[in-house]
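*Asks:* Chain by chain, the residues run as shown.
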Amino acid sequence: MKKLITGLVLLGVVATAVAQKDDSSNDALLSNGGIESLRGKAQLSETRESDKMKRVLKDREVVERNYVHQPPVIPHQIRGYKVDLNSNKCLSCHGWKYAKEVGATKVSPTHFETRDGMTLSDISPRRYFCSQCHVPQVDAKPLVKNEFRAVESLSHK
Amino acid sequence: MNMLKKIWQILKTPTSAAVGFVIALGFVGGVVFWGGFNTTLELTNTEEFCIGCHEMGDNVYQEYKETIHYANRSGVRATCPDCHVPKDWTHKIIRKIAASKEVWGKMTGIIDTREKFQDHRKSMAMREWKRMKDNDSRECRNCHNFEYMDFSEQGSRSVKMHSTALASGEKTCIDCHKGIAHELPDMEGVEGWH
Chain A
1 MKKLITGLVL LGVVATAVAQ KDDSSNDALL SNGGIESLRG KAQLSETRES DKMKRVLKDR
61 EVVERNYVHQ PPVIPHQIRG YKVDLNSNKC LSCHGWKYAK EVGATKVSPT HFETRDGMTL
121 SDISPRRYFC SQCHVPQVDA KPLVKNEFRA VESLSHK
Chain B
1 MNMLKKIWQI LKTPTSAAVG FVIALGFVGG VVFWGGFNTT LELTNTEEFC IGCHEMGDNV
61 YQEYKETIHY ANRSGVRATC PDCHVPKDWT HKIIRKIAAS KEVWGKMTGI IDTREKFQDH
121 RKSMAMREWK RMKDNDSREC RNCHNFEYMD FSEQGSRSVK MHSTALASGE KTCIDCHKGI
181 AHELPDMEGV EGWH
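Protein chains in written order, with full-length UniProt numbering: chain A, 1 to 157; chain B, 1 to 194.
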């Protein structure tokens with residue numbers, strides 16, 4: 001019995017040493033251990049082929065929100081729409097001046113408030129950069145299975 | 001008096017060979033002059049010529065390179081003169097003569113740094129918008145012909161605008177499509193902008 005234990009311990013030591021020797025090579029250190037992640041099966045050290053670019057969906061109806069206070073997603077393409085110090089293309093339709101004529105959703109009044117809750121006469125600078133929260137949608141499948149559903153009160157009927 | 005009459009007589013009755021020679025010379029000279037003139041004119045109507053000066057090459061051309069008129073799925077491009085120089089001869093010559101002011105601008109270096117360019121961006125943009133508004137966006141329409149727009153292929157937002165305001169002639173392309181090829185200046189006070 002004693003011999004067996006000693007033998008096992010010895011074996012363990014040798015195995016660890018061999019394993020350590022393996023680990024000392026750079027590749028092993030960078031190995032992902034055979035685990036497949038969202039990045040695929042690629043090793044950390046290699047640059048894998050990039051995924052195909054997804055296409056932004058063309059004009060659609062308003063997309064349901066999933067939860068209260070979710071920034072609504074953009075149901076249309078926004079290529080070339082600049083939002084900077086000089087101009088804000090989004091507000092050419094979504095600003096209160098133009099929304100009715102164009103048939104666009106008006107910017108929520110919450111966007112007129114400073115962080116102290118003071119209401120300004122125009123879009124608050126902290127809410128000016130639309131695409132910080134609002135994003136267009138692409139034709140991509142969810143990366144992981146998701147069964148999340150919006151609460152009943154938010155679904156369009 | 002008699003002398004004058006004689007000279008007139010000589011002028012009135014040249015030998016037929018001389019007449020032929022003069023006409024032929026005039027014809028050949030005309031062809032050479034016209035050909036040379038038009039070739040030179042068209043030489044100034046190329047992208048290489050336009051971005052030959054750094055004012056255009058370093059500013060507007062770089063901005064344009066990010067837009068759909070430079071790179072797109074089918075590879076059809078609209079280069080500088082396609083939008084900024086009229087196609088038909090009369091309007092082209094008028095625009096070319098007006099452009100001599102730009103040569104003066106180049107010599108005096110009115111926009112020879114990025115800062116100067118930015119300072120002048122609004123006035124330059126407004127001038128071009130006005131030109132396009134006044135000619136009903138003629139240069140856009142050289143390619144984008146309203147008659148052949150298929151609304152079923154357009155997005156719903158485009159159809160909404162094109163079938164109403166554009167169709168009725170109330171608005172023209174440039175009224176909505178500003179800044180599609182270059183950066184915009186400060187849009188404060190410009191109609192349709194916040």
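Simulated from the structure, these hints should not be mistaken for lab results.
Please note that the accuracy of each hint is not assured.
[As the list claims (entries may be wrong)] Taking beta-carbon pairs under 7 Å as the criterion, some of the chain A residues facing chain B (in silico):
1. Arg-55
2. Asp-59
3. Asn-86
4. Ser-87
5. Leu-91
6. Thr-110
Beta carbons are placed, not taken as given, at the ideal position from N, Cα and C, and that holds for glycine.
*Asks:* Each hint: holds or not?
*Replies:* For each hint, the structure was consulted:
1. Annotation: Arg-55 (chain A) was flagged as interfacial toward chain B, and the flag is violated, the nearest CB pair being 11 Å apart, outside 7 Å.
2. Because the beta carbon of Asp-59 (chain A) sits about 4 Å from the nearest beta carbon in chain B, less than 7 Å, this interface hint is met.
3. Given the 7 Å rule on beta carbons, the hint for Asn-86 (chain A) holds: about 5 Å separates it from the nearest Cβ of chain B.
4. A least Cβ separation of about 4 Å between Ser-87 (chain A) and chain B falls short of the 7 Å threshold, and the interface hint therefore holds.
5. Annotation: Leu-91 (chain A) was flagged as interfacial toward chain B, and the flag holds, the nearest CB pair being 4 Å apart, inside 7 Å.
6. Hint status for Thr-110 (chain A) relative to chain B: violated, with the closest Cβ pair at about 17 Å, above 7 Å.
In summary, the numbered hints that this structure violates are 1, 6.
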